[in-house]
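Fit chain to chain and form the complex, with the hints in mind.
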Amino acid sequence: MPEHRLTINGQQVTVDVDDDVRLLWVIRDILGITGPKYGCGINVCKACTSHINGRAFNPCSVRVCDVSEDDEITTIEGLADGDELHPMQQAWIDHDVAQCGYCQPGQIMAAVAKVRQCAEEGRDVDDAAIEEIRNICRCGTYNRIRAAIKAGAANM
Amino acid sequence: MPAHRAATRRDISRADSAAAEAAHTAEARAEAATRNARSLLRRDTGRRKFLGYLVAAPTLVVAAELTRQSVFGAPAANALGLPSPPQTPEVYDLLDALRDSMRPTAHLVRVEVRKDGTVHFALPRSDNGQGIITSTKMIIAEEMDLELDQVDVTLADARPELMFNQITGGSSTTFTTYTAIRVAAAIARGRLLDAAAALLEQDKGTLTSRAGLITGLNGRSLPFGELTEAAASPVDEVVEVVLKDRKDFRVIGTPQTKTDARDIVTGRKKFTTDLKIPGALPTIICRAPDLNGTPAGIDNLDEVRSMPGVTDVAVVPTGIAVRAKTFGQCIEAARAMQVRWKAGTVAGEDDESILAKLRRAELPLAVPAVAGDVLERSFTFYFRSNSALETNCAIADVRDGKAEIWAPLKNPIVAQQDIAKRLGLPSSAVTVHVVQGGGSFGRRLFHDAALEAAQVSKAMGKPVKLMWTRADDSRQGRVHPMATSRVRAVVAADSVLSFEQRHTSVATDFGHGFGEAVTSAAAKAPGGQLGVAATIFELTQVTPYDFGVSTRLLNEVEFGFNTGSMRNVYSPDVATARELMVDQIAAKLGKDPYEFRTATVKYDRWRAVLDRAAEEANWGKSMPAGTAQGIAMHIEYKGASACVVEIDCRDETVNRPIREGVTGPRVTRVTFVVDVGLVINPRGVEAQMMGGINDALAMTLTSSLHLVDGHFVEASWDNYFYTRQWNTPPEMNIVVIEDSPSDEPGGAGEFGVAATCGAVACAYARATGKVPDYFPINHKDPFPFEPKPLVPPIPPAPTNGLDFIY
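Protein sequences appear in the order of chains B and S.
Counting from -8, one number per residue, gives the positions in the first sequence under this note's numbering.
Counting from -16, one number per residue, gives the positions in the second sequence under this note's numbering.
No lab work stands behind these hints, which were simulated from the structure alone.
Hints are not guaranteed to be accurate.
What the hints assert, rightly or not - Listed next, the stretches of chain S that the computed footprint assigns to chain B, with coverage defined by at least 3 CB atoms under 8 Å from CB atoms of chain B:
no.: 1; segment: 126 to 135
no.: 2; segment: 583 to 593
no.: 3; segment: 710 to 723
To be verified - Once the Cα atoms are required to be at most 25 Å apart in a straight line, the calculated SDA-like pairs of lysine to any residue come out as:
no.: 4; chain 1: S; residue 1: K259; chain 2: B; residue 2: G1
no.: 5; chain 1: B; residue 1: K141; chain 2: S; residue 2: K227
no.: 6; chain 1: S; residue 1: K308; chain 2: B; residue 2: K141
no.: 7; chain 1: S; residue 1: K227; chain 2: S; residue 2: S204
We put the CB at the ideal spot given by N, CA and C, even for glycine.
Pulled out of the complex, with its shape left as it was, chain S reads as follows (with noise of 0.2 Å):
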């Protein structure tokens, strides 16, 4: 096999090359680097035979057998610094625990081949644009030798029977599912070779097999589809397979566009709004100004139902539902609502508040009794929103005793058990469709709209189209909790001798079932009986550097307020933290920031991330006043990801005017190298670098929620300023390491943003001279905005659109 496949990488403009010394070192320990990774790639990985199950059915149904395999082993130590002993991720991370909780129900995951000759596999994940729809179609293709468009992946309805093997969230759905896939897959084809050499009366081994058509010797050829119930099993059986071998891939590891892309661009592809499901009209709900407030009562019932288009109104436990023909006359039936509220559940705080207690909760650190010169710091991080362009939504109809329900949902058994426990009904009547989501970023591992929707459609007694508004979603959604991050290092001459971050923050909701998952497999992992949080935190981050005693801990404040993981959860922050903090140190031994990187990286797989960056990126090249480089790096998700931005904070930058913008810094340009392992869809894993950057840029620069008085602030995307065309680097260069030294696919989907989160703070920390000691870094300017009222919840629609056509 090649060594490199198609590649990935986006030609830039290279930047002029008196280009220095340190590209040439750079280039030097890359070419290291990669001969190593090469080496390592060429180890006997074995023809290792997996289990399965031909299930018994008319035609060919099969599945994986996991629950016999051993956790894959932990990288090769090759430390040059002060040696960190192992982190617990490096030997057992998320990952493994949520694969290893999904090991018993594999077998319930089945591949069918079907009548008309198409694969069918109903994935039990959900697909919010993070394409694994158009990956798993990828898996399937290679494995049975067909083409993409044979094989039809849908998303499973909840199946309660799957326990925890439903669960989408941690970047795991690829790495959790990939051997499964592959294993039903093997068997599938197998069993119509087998099929296929008894009616034609031919050796199995001179068969071929291609794009659905079994040919022999002869010439004579059999569809899949005429073969499916001659392969089929009348009883449920055991049986062996060996997987294709790596060097005959010809899907995976191949650019591949989303199988969805022609849906998407003619407007095709239907959310959940866009599903027409008789009687399901129009309904959204009047919250209260509190965060979390509840009704007390509602003054001018009868007006409101008899505002037009209005079919009904309900209180439900958080506020008053309307039910309409179109959403228009929802939205004008909740701005006339009169409502009592009651206090919400963060009433009179705010931010100031909130970080007082939180700093009162900061766990101690504890300097090691050794000589040297102590580098402290802390850093604020502010509620930010994870709210996605899709509003949280759903539709219900609970009727007679029993509920549907369809909505983006990331644990739908979950939400199915939830829905049926407050409806007062048996699972079994509860069905959960789950739709594909108009992105994610954390918000659909909650179910908070198809409960509220239940609720809603209960209290009507009719089906409900149910949908927050804009203003709901930013006010009232789930955030990504503040948090504070504490660093202290401990420096000797020429080296780190500890190093130790403290992550203080509002609790992070994981009580969506991700949190059983992680706990019932995570008794495995060294240490393990923390909590859901804690535990979280300690399979997920890693110090990339060899710090000496170097360790990282977790406390977390129980608030009431409504978080949930936002994409890359601690991640981001304890990043920006930490990769400020090897600045600092590398300034006291005055190395360069690259340079003390590189010497201190742990591994050399890590390190091979690392140097490719700074190559890519030319670090070290003359730079303006007012302008930097900044680089930094990020271990999670079985892999590596390095990122070197250059920002522009020059004046006539930063005050570049764009109207109900913010504009501030720019990053100009970003290199960003990613290891994920065996890459399936380097086309797809560029997309998840590219969106994970961008969402890294917002976290550190332009958007945050501020809590004022009980509620926040930003009502709309004129208040949250998520990265905008005018934000977003002019220049991205994202590389795809296509030869990775892993040959298990790893996690992609959150990976880009918090390498990029610490590379943007470093570059605003050196192109400034000042380190920002709180993010974003426009937290505390004056709102450029108005604030929207409280009351009524929703502002007024406009009537002036066309003032603004072009």
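So here's chain B without its partners, still in its complex pose (with noise of 0.2 Å):
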């Protein structure tokens, strides 16, 4: 059995799985990492949103063997400092988004890496960029997580 070598939520981990099972079940099914959530399987739903090298990305849609420990992978798990939320988990707080909370994992990340992006990009964080954000929320609190990114992106 291949074994990969992984750096998750600064932690390097070994794992002895088949080459192509995606990253999203190494994560969940064997290392008991469940923040990133299944919810299609084929990158539409966007629940298992996570970060690579600190950009967003869906290991639903990704191989084990294509990524390397030298890729610095980040789920919600990892986001906070410590007892120190991020900005963006604090602002879904102070927002009350979630519901059901099973897509906001993903959420979080999806609307880190858009307000990352945005920076990059000299852009403004408006509600043209929020509609970028594919992540399906079926409990519908769209509009909290509007009003929590634009918060969220004042204190990143």
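Here it is in structure tokens:
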């Protein structure tokens, strides 16, 4: 069985699993990190959104063999600095965004990446930018998500 | 008490006010309605005494006794139009029926004070995001003078002795549990004060209780934890209690953030598939191409068993189950299976064949023998999916003559009984744990995945963590049934003489326990010995206007679909048809849609929300061609709701490009006003309205399932177009009425949907000049996607995820 070395939430780990197993299942089923959720498995719902080297990606659609230990993978569990929440997490609490909460780890990770992207591109984090975010929330919390992203962005 | 507590309405930029007379008129009416509401509020609701029990236990355990309470009365009539006689829900509605079904077991639901000072309550309901754990903590904290974090609310395991008192549905949780929980909490507080008075040797009346600490005049204080044993009762005992006066509330009515918010944003909240139950490895089922097709056999069993990660393969009634080290390996194995399938339950059928059968089952409209113009229209509502973001899932461990189940379940008692029966075990050998769900929208009323998980675990002799794939959940999961709604109105010179609505639907499955609860109590309803579906329809549907002879009837046709109540059940479709017809009648009479509604609405309390919505939305303002406002209202859940939307149907908006998404007309602004009665958590109520509004947009404009050749086509979120960021209204103003004339909490979870559906439909018709005759309006458009294959039933996992990073 191939051995893969990964860096997740600042920790180096080794897993024995076939090359083509998607990273989401390595993270959830083998490493037991359950913040990223399954919602479709085909990179549509975005519930598994995490970061690779600081950018948003969907581990449901990436094979474990396509990342290396030099890639910094961050799930929602690795976003806060210890007990100090990331400003986007705090904004999510301040705006009481979550209902069931199933999609929200992915929403927060997407929001952080979108704000960083806008900053790099010199764009405002406005409604047009937020509407590029494809993450589905079946509870329909979109309007609070918008408010939280704008507030979180202001503190990032 | 101040009439207004902290405001929950969201500030929006007010549109330019060349605002006009209409708004002034509305304002005057709103003021009058508010005055009326306040005077009702002042009415003496009495310091009623309630009965409860001290339960024999080593620490303090208390419960309520509710069998002797009367049903609350109907609102006072105040009709302006041609009065319609009271409709059933005005006197006795679904919430009354559900509460009555639960009264006999209220005493079995107990509040416990623990030795660590926390107060524990195992809520016999299911929280799937609607916030009932938070609101329940608030109710207990209020009555016991605690902080929210001193109250520990968990979801109870299945408790069959609770009979009908462990059902979550019909937006009934707060209405059915509010008084019971308060009574128990108030008794507990009183007992703790008694115990403290004895220990402190002080008069009870001089003690104060705050944050779990009881303090005497001499400054000495005792925490609840040190008092609970002294406060406990050695025998069961009936006691009387008076509840806290509403004017003394300090928690109820204040906006509170969900108590699991931090766990959610840090990824710590655990859903069923996140649980680490020893040996419960990932498991999925390879399902048939047909809806409800069943396996005839698998031709490459040995090959599949030897695939990477696979530990077990078993044939079960609904397909071929595979258990593996990871879900990814389960999916690969299922995709490799060569299975022979038997036909499904609607083999060969499609949307049009089902619709034709529904039309043949439509009940006749009986025109009363009166002179007048007849307006008549028929509307079709296609199948829609209540699939949540968390797919159906359950963990089961069936070994050694017993079973243990973990799943998000709104009717865990029925799940327990059914699983026991199917496994051939006594109910007592089946333990069912209720896990918080990742959305429900009606789907968790059923235990489809829990039963399957139990069957798979039994077949494999091992624990399993069963998860439906997204394609399973979309194609084989429960659906909101297809329906037609015909409306005929007879209109004279200046009034409506009759308004008849005939709703004909693919049968909704109520076989999850909810139906039994309703029918057990609904015999009390006027006229009521109807079947389950007809009873629920009769107990929920109200035409809110004085339209003379007003009737609403349901007929259902059984086909073999997997149906279920989808958020707000019949109401979104009934309201859409009704409100479109109200606009048609108004036009016929030469009246403005809002002015006509406010002149004919039956009661002041209902008019108040309508007027407030018109006022907040600046109803009647000038709108560019291709855009329009729409207004609608809906009555349910012991409350009232009204909605005004603005829609943009101009080509440049409708055709704006979004990759793998549906755009279409954009609802640009929503004003939603709701009176849910007494508000427990205004922030939570606002959240529920927001969700309902976004559901309504999807139901009306973008999302449906297409039945083709015996199966549903849509297999994922890139086929089924639930509302996305690019569809949601940029402006949303939700007003939760905080000085409702009702002193009881009504229902909130589903209340946002129906009025919004009606308003969106009306706005669309006004913007385009065309009244749609089917919903969602895009149902007959060409598929904006390539349908995914039926065999294998799960699409391949992409490998190009790194191409989309940002």
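Hints, one by one, checked against the model:
Three residues within the 8 Å Cβ limit are the bar, and the segment 126 to 135 of chain S against chain B gives 0, so the coverage statement is violated. With 0 residues carrying a beta carbon less than 8 Å from a beta carbon of chain B, the segment 583 to 593 of chain S misses the three-residue requirement, and the given coverage is violated. With 4 residues bearing a CB less than 8 Å from a CB of chain B, the segment 710 to 723 of chain S meets the requirement of three and the coverage assertion stands. Distance hint between K259 (chain S) and G1 (chain B) is fulfilled; the C-alpha atoms sit about 23 Å from each other, no more than 25 Å.
Simply put, K141 (chain B) and K227 (chain S) have alpha-carbon atoms about 41 Å apart, too far for the 25 Å limit, and the pair is violated. Under the criterion of a C-alpha separation no larger than 25 Å, the hint pairing K308 (chain S) with K141 (chain B) is inconsistent with the structure, at around 41 Å. Only pairs whose Cα atoms come within 25 Å are accepted, and K227 (chain S) paired with S204 (chain S) is accepted, the gap being roughly 22 Å.
Against the hints set out earlier in the document, violations occur for numbers 1, 2, 5, 6.
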